[in-house]
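Novice: Following my numbering, the numbering of the sequence shown begins with 10 at its first residue and continues without gaps.
Calculated directly from the structure, the hints in this document are not laboratory data. Be aware that one or more of the hints could be misleading.
Calculated cross-link-like contacts (lysine to aspartate or glutamate; reagent style EDC-like; alpha-carbon spacing at most 20 Å) [as the list claims (entries may be wrong)]: (1) LYS174 to GLU116; (2) LYS136 to ASP163; (3) LYS136 to GLU91; (4) LYS174 to GLU110; (5) LYS136 to GLU80; (6) LYS123 to ASP98; (7) LYS136 to GLU116; (8) LYS174 to ASP163.
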Amino acid sequence: MTTTPPGTATRRHTVVDSPYGPLTLVAADGVLCGLYMTAQRHRPPEESFGAPDPEPFAEAVRQLDAYFSGELHVFDLPLRLEGTPFQRDVWALLQRIPYGETRSYGELAEQLGKPGASRAVGLANGKNPVGIIVPCHRVVGASGSLTGYGGGLDRKQRLLAFESKAADDTPALF
10 MTTTPPGTAT
20 RRHTVVDSPY
30 GPLTLVAADG
40 VLCGLYMTAQ
50 RHRPPEESFG
60 APDPEPFAEA
70 VRQLDAYFSG
80 ELHVFDLPLR
90 LEGTPFQRDV
100 WALLQRIPYG
110 ETRSYGELAE
120 QLGKPGASRA
130 VGLANGKNPV
140 GIIVPCHRVV
150 GASGSLTGYG
160 GGLDRKQRLL
170 AFESKAADDT
180 PALF
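Just need the whole structure built from these sequences, with the hints factored in.
Specialist: Listed below in structure tokens is the structure:
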């Protein structure tokens with residue numbers, strides 16, 4: 010996955026169906042910068058999404074379909090992640106959490122070299138603008154509990170169960 014720097018851009022959006030409800034995809038200058046669920050916390054206002062236009066999203070939709078069918082475990086899309094340097098560092102770590110696995114907020118803070126920053130990691134995780142593709146649902150509390158998720162704990166639980174089952178169904182390659 011590549012990341013392009015933030016800035017002023019022409020925005021377009023489309024809405025696609027998923028097993029987790031409608032997903033609104035947003036692109037800035039043709040590069041995916043948002044994936045939002047219905048009733049998602051920190052969802053930007055609709056008027057910021059730009060004009061409806063499905064064209065910039067063909068590859069993202071193809072990869073999401075493959076993910077939801079259990080065939081794709083790693084997304085390979087250019088992304089334009091707009092946030093603070095700390096948020097972008099956290100989002101980069103999220104992209105390294107393997108499919109079907111979880112990490113705690115504290116583990117991510119340790120990886121960033123900021124062991125006391127688990128709450129800040131949680132806040133950055135919650136502001137992830139490209140849910141599912143940047144897998145913020147793979148972050149759990151220190152005890153393994155499902156704490157917080159911008160898309161709702163029910164969706165988080167369903168996504169983790171889906172990935173766990175799909176990972177278990179993947180034949181071992183020996």
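Novice: If a hint holds in the structure, say so; if it doesn't, say that too.
Specialist: Verification of the supplied hints:
no. : hint             : in the structure
1   : LYS174 to GLU116 : 24 Å, violated
2   : LYS136 to ASP163 : 18 Å, holds
3   : LYS136 to GLU91  : 10 Å, holds
4   : LYS174 to GLU110 : 11 Å, holds
5   : LYS136 to GLU80  : 27 Å, violated
6   : LYS123 to ASP98  : 12 Å, holds
7   : LYS136 to GLU116 : 18 Å, holds
8   : LYS174 to ASP163 : 16 Å, holds
Checked against the numbered hints listed earlier, the structure breaks hints 1, 5; every other hint is satisfied.
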